[in-house]
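**Student:** Residue strings, one per chain:
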Amino acid sequence: MEFLQTCIDGLLFGSAYSLLALSFSLLFGVMKRINLAFGSTLLLSAVFSLWIDSVFSIGIFGIFLVMLGSSALINIYVEKLCFFPHRGNYGATVSMIASFAIWMQLDELSSFLLPDRTASFPSFLPDSLFLIDIFIRIDQLFLFFIAIFMTCIFFYVLYKTNYGLLLRGVSFDRELAKKIGVNSNKITSFAFAFSGIFGAIAAFLILSTESQVTPFFGFWCTLKGLVAMMLGGIGSLPGAIIGGLVLGLIESNVINYLGAEYRDICTYLILLFILVVKPGGLMGSAILRDERAASERI
Amino acid sequence: MLKVEDLVTSYGLIKALRNVSLEAEKGKLTCILGPNGAGKSTLLFTIAGILKSDKGSINFLNKDISKMKAPEIVKEGLVLVPENRLVFPHLSVQENLLAGAYSRFNRKNEVDEDIESMYRRFPILKERYSQEAGTLSGGEQQMLAVARALMARPKLLLMDEPSVGLAPKIVNTIFEIIKSLSEEGISIVLVEQNAVKASAIADHIYLLDQGEITFSGTPDQIEDNDIIKRAYLGDISES
Chain A
4 MEFLQTCIDG LLFGSAYSLL ALSFSLLFGV MKRINLAFGS TLLLSAVFSL WIDSVFSIGI
64 FGIFLVMLGS SALINIYVEK LCFFPHRGNY GATVSMIASF AIWMQLDELS SFLLPDRTAS
124 FPSFLPDSLF LIDIFIRIDQ LFLFFIAIFM TCIFFYVLYK TNYGLLLRGV SFDRELAKKI
184 GVNSNKITSF AFAFSGIFGA IAAFLILSTE SQVTPFFGFW CTLKGLVAMM LGGIGSLPGA
244 IIGGLVLGLI ESNVINYLGA EYRDICTYLI LLFILVVKPG GLMGSAILRD ERAASERI
Chain B
130 MLKVEDLVTS YGLIKALRNV SLEAEKGKLT CILGPNGAGK STLLFTIAGI LKSDKGSINF
190 LNKDISKMKA PEIVKEGLVL VPENRLVFPH LSVQENLLAG AYSRFNRKNE VDEDIESMYR
250 RFPILKERYS QEAGTLSGGE QQMLAVARAL MARPKLLLMD EPSVGLAPKI VNTIFEIIKS
310 LSEEGISIVL VEQNAVKASA IADHIYLLDQ GEITFSGTPD QIEDNDIIKR AYLGDISES
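Respectively, the protein sequence lines represent chains A and B. Using the numbering used here, the letters of the first sequence map in sequence onto residues 4 to 301. Using the numbering used here, the letters of the second sequence map in sequence onto residues 130 to 368.
Because the hints were derived from the structure by calculation, they are not lab data. Some hints could be false.
To be verified - Pairs of lysine-lysine residues, derived as BS3-like cross-links and limited to a Cα-Cα distance of at most 30 Å, are as follows:
#1 B:LYS192 to A:LYS189
#2 B:LYS284 to A:LYS189
#3 A:LYS189 to B:LYS326
#4 B:LYS255 to A:LYS83
#5 B:LYS198 to A:LYS83
#6 A:LYS83 to B:LYS181
#7 A:LYS35 to B:LYS198
#8 B:LYS237 to B:LYS184
#9 B:LYS237 to A:LYS163
#10 A:LYS83 to B:LYS196
#11 B:LYS204 to A:LYS163
#12 A:LYS163 to B:LYS255
#13 B:LYS204 to B:LYS192
#14 A:LYS35 to B:LYS204
#15 A:LYS35 to B:LYS181
#16 B:LYS198 to A:LYS189
#17 A:LYS163 to B:LYS198
#18 B:LYS204 to B:LYS237
#19 A:LYS189 to B:LYS181
#20 A:LYS189 to B:LYS204
Just need the whole structure built from these sequences, with the hints factored in.
**Tutor:** Next comes the structure, spelled out in structure tokens:
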């Protein structure tokens with residue numbers, strides 16, 4: 004029963020990791036770039052909306068909306084500043100380093116808006132639920148269902164809408180998209196805005212279950228998103244979901260059986276092990292194979 | 130319809146096109162022949178707005194398009210069928226077709242009708258509509274690329290070496306498709322290395338060598354010109 008309890012805890016929280024990893028994977032898929040500033044974007048949008056709330060008292064729903072909007076805008080800002088100028092074939096390193104610089108910039112801005120280092124974040128549905136012997140927090144359960152719902156929306160946009168179609172086209176072959184006249188810059192900005200909104204929803208849900216925001220939240224998001232993405236397989240969307248859930252399961256079990264201080268070391272050991280045994284992550288080998296086959300055909 | 134004047138395009142210090150002038154008439158098949166590295170693809174890319182020209186003008190339907198970007202040029206009705214990497218390998222056949230019609234996504238019925246008409250034109254694509262385009266054969270991918278370009282309802286089709294890398298039998302099929310498109314009244318600018326096949330269907334031929342137009346005339350005029358005939362159609366006269 005104890006094991007079941009930790010697994011449920013892990014899955015519930017892992018769903019938030021999945022959302023973060025999906026946002027990362029989207030950008031990685033479209034740009035073939037890693038955006039280190041993504042977590043800081045989410046932090047700044049959260050801190051900014053709290054600041055707006057302190058001035059205009061917009062309430063929890065207002066905070067949510069301001070977070071979505073500001074996160075989309077900040078993400079487009081990041082794109083225009085460090086990804087747009089280096090969108091050629093050889094800009095991967097430059098843009099990653101540039102995103103590191105932006106990370107610092109956004110974090111400084113956040114701590115400027117957050118002089119007390121920690122601020123309380125409004126929480127909702129603080130009750131808990133007992134099913135037989137299992138203890139479930141309602142807000143985490145809510146987070147889990149929202150995560151499933153958002154994942155459905157994510158796949159709907161990507162696979163059923165015209166923008167999603169062009170987005171996939173640009174992510175597979177930017178040059179060809181350009182040649183047939185697709186405005187790939189616009190599509191890329193759309194992808195950044197989309198992933199910003201998506202990440203902001205994840206960040207909002209996480210922050211309100213934690214009911215506080217600290218300056219480390221940005222780094223935390225970047226780290227968890229990247230680790231979950233690597234576990235599942237870089238560039239694979241189902242992989243991102245599975246990676247997030249696996250990460251949640253590992254963490255909650257390690258915390259329960261070994262203690263919280265072993266959480267990160269065990270997570271990274273398991274990540275190392277998976278990358279050694281299955282290079283490319285749990286779901287990544289199929290992608291590596293496809294890429295190789297595609298480049299051989301050409 | 131399309132009028133290019135004194136076009137210069139360079140890669141850094143190297144001039145790939147030196148004062149190229151040419152014209153393509155409405156409803157005609159204009160062919161640009163030339164060896165590897167002559168600047169044929171550069172010329173098409175410059176016209177399509179993918180590369181920027183240094184000098185010269187490109188007029189399409191009495192509109193200067195030399196400063197326009199690729200998406201605007203497609204909207205004007207000038208559509209490129211690229212070479213080599215023709216289709217989005219991980220998108221399905223139907224999605225590839227849809228991607229070609231992206232500039233008029235808001236008119237869904239019209240797009241659906243066009244997709245149906247592409248399937249009538251290329252029945253093999255209908256059979257494979259849900260398959261990933263990367264699994265098609267080379268000839269089928271070429272057909273898909275042509276069909277995708279037609280989805281944009283082009284006024285002028287720019288085709289970049291459609292026969293490259295295909296088996297001889299498939300090359301014949303592709304040239305038949307081009308010929309029938311031309312007979313339907315679609316204006317085409319065709320860039321080719323396969324001089325024999327191209328001159329058999331072309332209305333007007335330009336020869337491009339080291340970035341310069343060295344000959345302009347009808348296929349018959351090439352036949353009459355011994356030097357050019359030997360250089361470009363050498364294979365026939367020897368066999």
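**Student:** Look at each hint and say if it fits the structure.
**Tutor:** Status of the hints after comparison with the structure:
A threshold of 30 Å between alpha carbons decides the hint, and for B:LYS192 with A:LYS189 the separation of about 25 Å falls inside it, so the pair holds. Distance hint between B:LYS284 and A:LYS189 is fulfilled; the C-alpha atoms sit about 25 Å from each other, no more than 30 Å. A threshold of 30 Å between alpha carbons decides the hint, and for A:LYS189 with B:LYS326 the separation of about 40 Å lies outside it, so the pair is violated. Distance restraint check for B:LYS255 and A:LYS83: the Cα-Cα separation of roughly 41 Å exceeds the 30 Å cut-off, and the hinted pair is therefore not satisfied.
Taking the CA atoms of B:LYS198 and A:LYS83, the gap is near 19 Å; set against the 30 Å cutoff, the hint holds. Restraint check for A:LYS83 and B:LYS181: the C-alpha separation of about 22 Å stays at or below 30 Å, so the hint holds. With a C-alpha separation of about 24 Å, the suggested pair A:LYS35 and B:LYS198 falls inside the 30 Å cut-off, and the hint holds. Only pairs whose Cα atoms come within 30 Å are accepted, and B:LYS237 paired with B:LYS184 is rejected, the gap being roughly 40 Å.
Taking the CA atoms of B:LYS237 and A:LYS163, the gap is near 14 Å; set against the 30 Å cutoff, the hint holds. Between A:LYS83 and B:LYS196 the alpha-carbon distance is near 23 Å, which keeps this suggested pair within the 30 Å criterion. At most 30 Å may separate the alpha-carbon atoms for a hinted pair to count; B:LYS204 and A:LYS163 meet this at roughly 24 Å. Using a Cα cut-off of 30 Å, the hinted pair A:LYS163 and B:LYS255 holds, with the two alpha carbons roughly 20 Å apart.
As the CA atoms of B:LYS204 and B:LYS192 are separated by approximately 13 Å, the hinted pair is consistent with the 30 Å bound. Restraint check for A:LYS35 and B:LYS204: satisfied, since their Cα atoms lie roughly 28 Å apart, inside the 30 Å limit. Annotation: proposed proximity of A:LYS35 to B:LYS181 holds, straight-line Cα distance about 26 Å (limit 30 Å). Simply put, B:LYS198 and A:LYS189 have alpha-carbon atoms about 13 Å apart, close enough for the 30 Å limit, and the pair holds.
With a C-alpha separation of about 28 Å, the suggested pair A:LYS163 and B:LYS198 falls inside the 30 Å cut-off, and the hint holds. The straight-line distance between the Cα atoms of B:LYS204 and B:LYS237 is roughly 17 Å, inside the 30 Å bound, and the hint therefore holds. Proximity of A:LYS189 to B:LYS181 is assessed by CA-CA distance (about 20 Å); at most 30 Å being required, the pair is judged to hold. For the hint linking A:LYS189 to B:LYS204, the alpha-carbon distance of about 16 Å falls within 30 Å, and the restraint holds.
Violation of the numbered hints given earlier is confined to hints 3, 4 and 8; the remaining hints are satisfied by the structure.
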